[in-house]
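Chain by chain, the residues run as shown.
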Amino acid sequence: MKCNIRFIVAASAFLIALPGVVYAGDAVRDIAIPSITSAYTNGSKSYMLALNDDPSSQKNGNAIQPSPQAAEFEPPMFSRSNAHKYLGLSTLALVVATALAPKPEEDATTQAQLDEQKSSTHAKLGRAAATLAAATVTSGLLAHWDDFHLEDGWADPDNMHAMLGTAGALAMLYAVSKAPAEGHAGMGMAGGIAMGGAIKLTW
Amino acid sequence: MTKILKTAALIGALLINSTYAQAEENIWNWLTDFQRAKEVKPVTDKQFLKECGECHFAYQPGLLPARSWEKLLNADALKNHFGVNAELDKETLQSIFNYAAENSADKSFYKRSRKIARATAEGEAPLRITEVRYIKRKHKDIPEKMVKGNNDVKSLSYCNKCHTQADKGVFDEDTVSIPNYPDRIN
Chain A
93 MKCNIRFIVA ASAFLIALPG VVYAGDAVRD IAIPSITSAY TNGSKSYMLA
143 LNDDPSSQKN GNAIQPSPQA AEFEPPMFSR SNAHKYLGLS TLALVVATAL
193 APKPEEDATT QAQLDEQKSS THAKLGRAAA TLAAATVTSG LLAHWDDFHL
243 EDGWADPDNM HAMLGTAGAL AMLYAVSKAP AEGHAGMGMA GGIAMGGAIK
293 LTW
Chain B
63 MTKILKTAAL IGALLINSTY AQAEENIWNW LTDFQRAKEV KPVTDKQFLK
113 ECGECHFAYQ PGLLPARSWE KLLNADALKN HFGVNAELDK ETLQSIFNYA
163 AENSADKSFY KRSRKIARAT AEGEAPLRIT EVRYIKRKHK DIPEKMVKGN
213 NDVKSLSYCN KCHTQADKGV FDEDTVSIPN YPDRIN
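Protein sequence lines correspond, in order, to chains A and B. If you read the first sequence in my numbering, its first letter stands for residue 93, the second for the next number, and so on. If you read the second sequence in my numbering, its first letter stands for residue 63, the second for the next number, and so on.
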């Protein structure tokens with residue numbers, strides 16, 4: 093009981109803290125730059141910008157008036173890219189919750205004990221984490237397919253993100269498939285670390 | 063247990079060897095910094111912003127490798143800066159060049175800058191943003207009618223016409239809004 097309460101308190105604190113971290117991460121850096129776009133061009137001589145393009149594009153070079161569209165535009169709250177981001181963060185949260193959750197008795201000899209192991213909080217969280225990990229990889233492929241370019245090498249941040257993320261998800265699925273009969277903690281932890289590393293690389 | 067240690071060591075080695083960790087120099091600084099750095103570092107130098115922004119969008123130094131800034135920001139090159147005399151006094155030029163070189167794509171730890179650096183071949187020094195291999199690749203599927211044929215865009219070099227947060231260094235798809243094509247799905 094004591095252990096359960098400790099787990100619930102720790103998990104709650106983590107889940108409460110997580111949105112704050114995400115919000116802080118999304119907030120614009122506190123840097124000394126002008127807050128209005130016009131400061132970047134000083135609102136003058138905008139026609140000269142075309143000079144940075146190839147000559148063919150300058151043939152019809154009338155002065156271009158600033159479009160009001162940019163100022164009014166609000167990025168969508170729901171997008172494939174956002175879905176991928178939040179699935180990944182949720183996976184990490186579930187990995188931590190799985191690790192914190194009390195583990196069932198290891199030596200199950202009867203069917204009842206086995207059933208109890210499979211229906212424990214730890215097992216449910218582990219399965220949810222692995223499922224979310226698979227969903228994260230799938231959504232990543234859909235949202236960021238054009239960000240992978242093998243010719244840029246494995247040190248390319250997106251290539252490494254994809255490699256670590258996929259390896260992490262596979263490790264977690266493998267760990268779930270081996271549980272509870274065989275040892276799976278190492279593989280599950282490695283999957284979680286790889287997933288966390290993948291997120292950090294492109295954060 | 064050995065398996066766990068081996069796996070952890072492999073993942074650790076991959077992370078430490080990553081371009082981000084290398085660029086940050088200190089793995090712990092990198093690991094404990096939760097500020098987002100997935101785009102391009104915004105321009106923070108007021109002089110750079112003033113001198114470049116007087117005539118055009120002040121392109122972030124992280125959009126070009128240092129080699130390109132070396133070719134662009136020198137006294138000779140500025141006499142004919144894409145057809146315009148953009149000469150600067152020696153001190154201003156030095157200051158702007160230093161800022162651009164220190165924050166160039168190959169020195170930055172911001173993700174999009176790293177990708178620009180990775181995609182640029184060794185020795186290659188594109189002079190135009192629109193000639194950067196990564197940027198060309200990202201825009202290759204955009205129909206010409208949306209850019210050159212679009213009176214409110216005209217050219218890919220007007221980053222901030224479609225990238226609504228270009229001034230903050232954000233160039234992701236979610237913040238793209240092509241003038242006259244409001245229904246374009248990202």
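In case anyone wonders, no lab produced these hints; they're calculated from the structure. Ideal Cβ positions, reconstructed from N, Cα and C, are used throughout, including at glycine. Keep in mind that a hint or two might mislead.
No more than 20 Å apart at the CA atoms, straight line, and that leaves these computed lysine to aspartate or glutamate pairs for EDC-like [what the hints assert, rightly or not]:
#1 K198/B with D238/A
#2 K133/B with E186/B
#3 K103/B with E164/B
#4 K100/B with D239/A
#5 K202/B with D239/A
#6 K100/B with E208/A
#7 K292/A with E184/B
#8 K152/B with E132/B
#9 K200/B with E274/A
#10 K292/A with E153/B
#11 K230/B with E274/A
#12 K133/B with E101/B
#13 K133/B with D95/B
#14 K292/A with E101/B
#15 K198/B with E164/B
#16 K200/B with E164/A
#17 K200/B with E243/A
#18 K202/B with E243/A
#19 K216/A with E164/A
#20 K198/B with E243/A
#21 K198/B with D239/A
#22 K230/B with D107/B
#23 K202/B with E164/A
#24 K230/B with E166/A
#25 K112/B with E153/B
#26 K108/B with D138/B
#27 K152/B with D168/B
Computed from the model, here is a short list of chain A residues facing chain B with C-beta under 7 Å [unchecked claim]:
#28 F165
#29 S171
#30 D199
#31 T294
- request: Tell me, in ascending order, the numbers of any earlier hints that this structure violates.
  value: 6, 7, 9, 10, 11, 12, 13, 15, 16, 19, 23, 26, 27 and 30
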